[in-house]
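Participant: Sequence order for the protein chains is B and D. Residue numbers 1282 to 1810, in this note's numbering, belong to the letters of the first sequence in order. Residue numbers -12 to 158, in this note's numbering, belong to the letters of the second sequence in order.
Be aware that one or more of the hints could be misleading.
[Said to hold, decoys possible] Derived lysine-lysine pairs resembling DSBU-like cross-links, with alpha carbons at most 35 Å apart:
1. B:1657 with B:1446
2. B:1629 with D:-7
3. D:148 with B:1592
4. D:148 with B:1628
5. B:1592 with D:-2
6. D:117 with B:1345
7. D:117 with B:1592
8. B:1739 with D:117
9. B:1739 with B:1345
[Unchecked claim] Stretch by stretch, here's where chain B covers chain D in the computed footprint (C-beta under 8 Å, at least three residues):
10. 42 to 49
11. 66 to 72
Since the hints were made in silico from the structure, they are not lab data. Computed from a predicted structure; not experimentally measured. Positions of the beta carbon are idealized from the N, C-alpha and C atoms, including for glycine.
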Amino acid sequence: MDCAGIINEIKAKFPGFSVISAVQNYPDEICLYVRPEIFKDTCLVLHKILLSPVKMLFALDERKMANKFTVHCVFLSAKSGQWVTVAIDVPAENPCFDSLAKSIYSASLFEREIYEMFGIKPEGNPDLRRLRLHDEVWPQGSFPLRKDFAGAPKNISAENLPAYKFSKVEGNGIFEVPVGPVHAGIIGPGHFRFSVAGEPIINLEIRLGFTHRGVEKLFEGKFLTQALRLAESVDGESAFAHSLAFTQAAEKIAGISISLQAAYARAIFLELERMYNHANDIGGIAVDVGFSFPAAIASIIKESILQLNEKLTGSRYLKGINTVGGVLRSPEEHEIRMVSGFLKEIKKDFNQLAKILTTSVSFMDRVDTTGVLKKKTAEDIGVAGLAGRACGIALDLRKNFAGVYHEAKFKMAVEQSGDVLARLRVRIAEFEESMRLVEFFLSKITPGETAFPQPQRKEGEALGFAESWRGPVLYWLKTDCNGAIERCKIVDASFCNWQGLSYAVLGNIIPDFPLCNKSFDLSYPGNDL
Amino acid sequence: MYRILKYRMLKGIVTRHIAPEALGEIESTGKELKTLIRKKFGKSLHIREVDTGSCNACESEIISANNPIYDLQRFGINFVASPRHADALLVTGPVSKNMLLALKKTYDAMPEPKFVITVGDCALDCGVFKGSYYTAGAVAQILPVALHIPGCPPSPSAIIKSLLAFLRQHD
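Could you build all of it, start to finish, from the sequences and the hints given here?
Facilitator: Structure, rendered in structure tokens:
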């Protein structure tokens, strides 16, 4: 699909449509600049044509150069493997734009984020509560992602700051159960506010942002190679996926195409990351029903994969191996043999693990029909990745975009029922597929080859993406004429999927919440940024 | 059941031998704490963990330290669910402004005697998040820290070795 193609398609449904300019900087990215008046209608039409939720919606502060803000809304064209962006200018004075939230629900969180970070008002969005800058510690009217932001406000007195308003369920016999931010386990912080009527949960509001560290602001002003270490620290358990998405965007800007060898090596590392995390989650699901034996097997599998990562890359979490232009180290001959032997061992353990779980009647009873996320709800919210595939949304960036995965004949795992069991089954299937993929890529790789081009410092903007074990990780990067980062927008799959969790638990009992939560296993730091 | 027993027999013991390393690198602590640890926690230490903004890699390694291969519990060190049950508070990550209050409250909820351990480079000096508008500072600026375990993230064996060396130092 090219610019003319997509413009004609939009015109067929929306006769008043016209573009200011349409650009296709890269084969997989189309950007349409439109007038602000038709922003909402254009997005709505694209949303229907492409059957895509809003994948990214973010703002840029360009007041210094052009006296305006800009807002970009990104959709995914799964069929053609492309990203389609609608962009508008927003005036510097009293900045606002037409809210999409009432027509496209998946835009609502992004709009809250824009309002909170830039002070650009999405006109018509009924809920503008802040997500990450908590009302109790951060005054209204201070917007950190604006370029003229002068640092954290000083001398804030806590008395003047209002408390956050949770949505309230009222009625006879309704109880509220607040949980967190500090939880009982060794886990990140988040606040969960359950409203229950008797046993069943009738509402769950998840308040996050506790691990907000201002990551997007920290990216600004850094050069691509410096910023890589920060990308790896956004979410430690998907460090490689984040660094991969970042480097892809950086490589597009720098005009580098990576070698096939580097692509194989990256795919191997991405799959190893998926494997250790899936093993961890399968174990976690077993822990949350009190079935400790399979959990112990799963933790042994996880530990062996982490040790393998360390042998291959020097880092258990695959940090510091990826770089702009390729990978710093590719497996040697003897390492390829070692990995093959190792995978055989893992396969034995994993088969046992899967059998012990799926043949246990009491375990299956707990996970079957628990925490159902309906496909329609998931589509509306924009749930992506593993949680989406478990309720019938057959999308996987490894499948949708051409690359080494096509050569490997990648098979996507999809389930329909959307319950904990479905998410468990997708995990098991993906673990097995990942083992096959690692073996396939190893057979293709030339040992020890690591040559890669040095990136040039260039001006540009690009979108990078990777399918992490949770789902898509997207990085939108813009660099200035010196090659320093001007804006970096990060969307982790967790950002939309957390909402999916709050719908999946409805009608379930609180004791099943840990089970539902673990079956999604979403990221706090990836969401909070 | 048969499958579980068979698997268990064939797998054998996976737990590794871990000995505390030389004590050189461990920070020395005040005299008061020394006596306290010797008297109170010598053979049994209960830890409450709080994440104040880490990337979760440290959490993952702390969880790994409890797996059958490293088996932290055999040394008498347990992670507990409530600060009320804890002797030590283990903190990871730079302190996000949003977690400042929760961190202080968790510390206050712990019974005396108590001390604080930090894990990972971010907890020491905010690491890659230094200079952010939303970090309230390193943990030591907020609570008195008795032991720091460096690394990004520190491996499970590094965590265990540091903890053991710290306890033996006071034995």
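Participant: Run every hint past the structure and note whether it holds.
Facilitator: These are the hints, each one checked on the structure:
no. : hint               : verdict
1   : B:1657 with B:1446 : holds (28 Å)
2   : B:1629 with D:-7   : holds (13 Å)
3   : D:148 with B:1592  : holds (21 Å)
4   : D:148 with B:1628  : holds (31 Å)
5   : B:1592 with D:-2   : holds (23 Å)
6   : D:117 with B:1345  : holds (26 Å)
7   : D:117 with B:1592  : holds (30 Å)
8   : B:1739 with D:117  : holds (27 Å)
9   : B:1739 with B:1345 : holds (20 Å)
10  : 42 to 49           : holds (count 8)
11  : 66 to 72           : holds (count 4)
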